[in-house]
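Student: Below, each chain spelled out in residue letters.
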Amino acid sequence: MKWVTRENANVDRIACPWLIRRFIDQDAEFLFVPRDEVLTVAETQGAHSYDAPGASYTHRDGKCSFDVLVEEFDLDGDPALVRLAQIVHAADVAEDRDTSREGPGLYAIAHGFALLHGTADHKKVDLETPMYDALYAWCQEQVR
Amino acid sequence: MRWATRQRIHIDRAACAWLIRRHIDHDAEFVFIADPADVPADATAFDIPGAELSHHAGDCSFETILRRYDLDDPVLWRIAAIVHEADLDDQRYDAPEAPGLDVVLRGLSITRGDQEILRLSGPVFDGIYEYCRRALLLGREPS
Amino acid sequence: MTGSGEWVLLTYRLPREPSTPRSAVWRKLRKLGVVQISDGLVGLPAGARTREQLEWVAEEVTDAGGTAGIWLARPATRAQEGKLTQTMAAARATEYQALVAATATASENADPAARAGMVRRLRNELRAIQRRDYFPPADRDHAEAAVQSLADIPATHRGTTRRSFEAVRPAREPADRAAGETQ
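If you're matching them up, the sequences are chains A, B and C in order.
The end of the first sequence is residue 144 by the numbering used here, with every number in the run present.
The end of the second sequence is residue 1143 by the numbering used here, with every number in the run present.
The end of the third sequence is residue 2183 by the numbering used here, with every number in the run present.
Please note that the accuracy of each hint is not assured.
As the list claims (entries may be wrong) - These stretches of chain A come out as covered by chain B in the derived footprint (C-beta under 8 angstroms, 3 or more residues):
(1) 89-102
(2) 105-112
(3) 126-135
Said to hold, decoys possible - Some but not every residue of chain B turned toward chain C, in silico, with C-beta under 7 angstroms:
(4) 1008
(5) 1049
(6) 1055
What the hints assert, rightly or not - Across the chosen pairs, the derived CB separations fall in these ranges:
(7) A:37 with C:2049: 41 to 51 angstroms
(8) C:2048 with B:1052: 16 to 26 angstroms
(9) A:143 with C:2027: 30 to 40 angstroms
(10) C:2104 with A:126: 43 to 53 angstroms
Just so you know, these hints were derived from the structure itself, not from any lab.
Backbone N, C-alpha and C fix where the C-beta goes; we use that ideal spot for every residue, glycine too.
Next comes chain A alone, as it looks inside the complex:
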């Protein structure tokens, strides 16, 4: 399946592809497009839209898109993933930055990659996938 979001990803739009590929849709193809093309592309290409105004899976009730995907796809039975979601949420949502002590660090890492690689979103996903794997592995150890 195709998944489309806004280009120039930072936290949420890098973390979500990781989550989608790992837990929801192994063969996912990710599209990053200008903000006002997201919904059009979703319709014309039959893609799921996320993290954009009006998208199928996006911020609501104070939650970030990662939170919403975890909930919508019933992944919140995995305590390690819930733990990871807290970190991603804190990194993504400015007013909740210190709700998780690992949040600011993930924020710095994600924005560092964004500053270095600009709109090369696929490259960012490739470089940051091992980071999210690592965070998830750490979360798994914490909840054992």
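Got chain A; can you put chains B and C on it based on the hints?
Tutor: Relative to chain A, chains B and C alone:
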């Protein structure tokens, strides 16, 4: 040049390796040893108790290397604060980024070997450098 | 949680004078949560990080003119190991209980800004205890809940995730607080 440190690298050694490769020796080769006695004669040891480039006077090895090589780039010292707090956690600095960076490195060491951790964490520190540089320029957290 | 069987031990001996290095070393060891096995012999459950932590302390001891050694050891019986783990758990339990008492005192402070400062300090203290907690006693959960309750007075609603571990809960009704219960 060859550089040697202990196996099972964590944040201080990963950060030092990045620092060495980026700012001291672009052709640096790293060797991981189990016992300090195994440090090759031609290698410079770092982050090994007793070595010059390790913890001294409350500094972690990253800070010691900055001092010994006279690297006074304020961005590197901002990174040093993060690495120091992640490694020693003694509140010498205010570094809210430290726990997150520490945890990513811990996670990497769960599934990856030392050479791979170096390969994967290099870009992370490149990004952190950029992030800290921007933060220093702006006088606040970059958004 | 039981021990894994392997422990990293530090043997150390420091001159009585000057006293500054001795207290510095002992402060570090206390912060690491070591168990004292006998005079000049302390231990932690073996792991890459605990081993390194003690190696740096050993370095500090020798830098200060003392002698130190690092050993990897297995207690000869399970009972002997049980004594170590129980001692450590009990020490942490005492610390957690003191923290819970401190949160109760802090919760009586009416000023939200002052309470926010106390929450930060207590959270830091809680984490410091957790970092040296290898055999968590039940008091650990009480302490987490107590600090969280303090943080919730009077919390504004923040984004929630369900079944969170570090729960960010909506503000509680005054009636709950009056009941004097921590969750």
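Student: Now tell me if each hint is right for this structure.
Tutor: Comparing the hints with the structure gives:
1. Note: the region 89-102 of chain A has 5 residues with beta-carbon separation from chain B under 8 angstroms; the three-residue rule is met and the coverage holds.
2. Proximity of the region 105-112 of chain A to chain B, defined as three or more residues with a beta carbon under 8 angstroms from a beta carbon of that chain, is established by the 7 residues found.
3. For the region 126-135 of chain A, the stated coverage by chain B holds: 6 residues have a C-beta nearer than 8 angstroms to a C-beta of that chain, and at least 3 were required.
4. Given the 7 angstroms rule on beta carbons, the hint for residue 1008 of chain B holds: about 4 angstroms separates it from the nearest Cβ of chain C.
5. The criterion of a C-beta within 7 angstroms of any C-beta in chain C is met by residue 1049 of chain B, whose closest approach is roughly 4 angstroms, and the hint holds.
6. Because the smallest distance between the Cβ of residue 1055 of chain B and any Cβ of chain C comes to about 5 angstroms, under 7 angstroms, the interface hint for this residue holds.
7. About 48 angstroms separates the C-beta atoms of residue 37 of chain A and residue 2049 of chain C, a value consistent with the hinted range of 41 to 51 angstroms.
8. Remark: the range hint 16 to 26 angstroms for residue 2048 of chain C to residue 1052 of chain B is upheld by a beta-carbon distance near 23 angstroms.
9. Between residue 143 of chain A and residue 2027 of chain C, the C-beta spacing of about 32 angstroms keeps the proposed range 30 to 40 angstroms intact.
10. For the hinted restraint 43 to 53 angstroms between residue 2104 of chain C and residue 126 of chain A, the CB-CB distance of approximately 50 angstroms keeps it satisfied.
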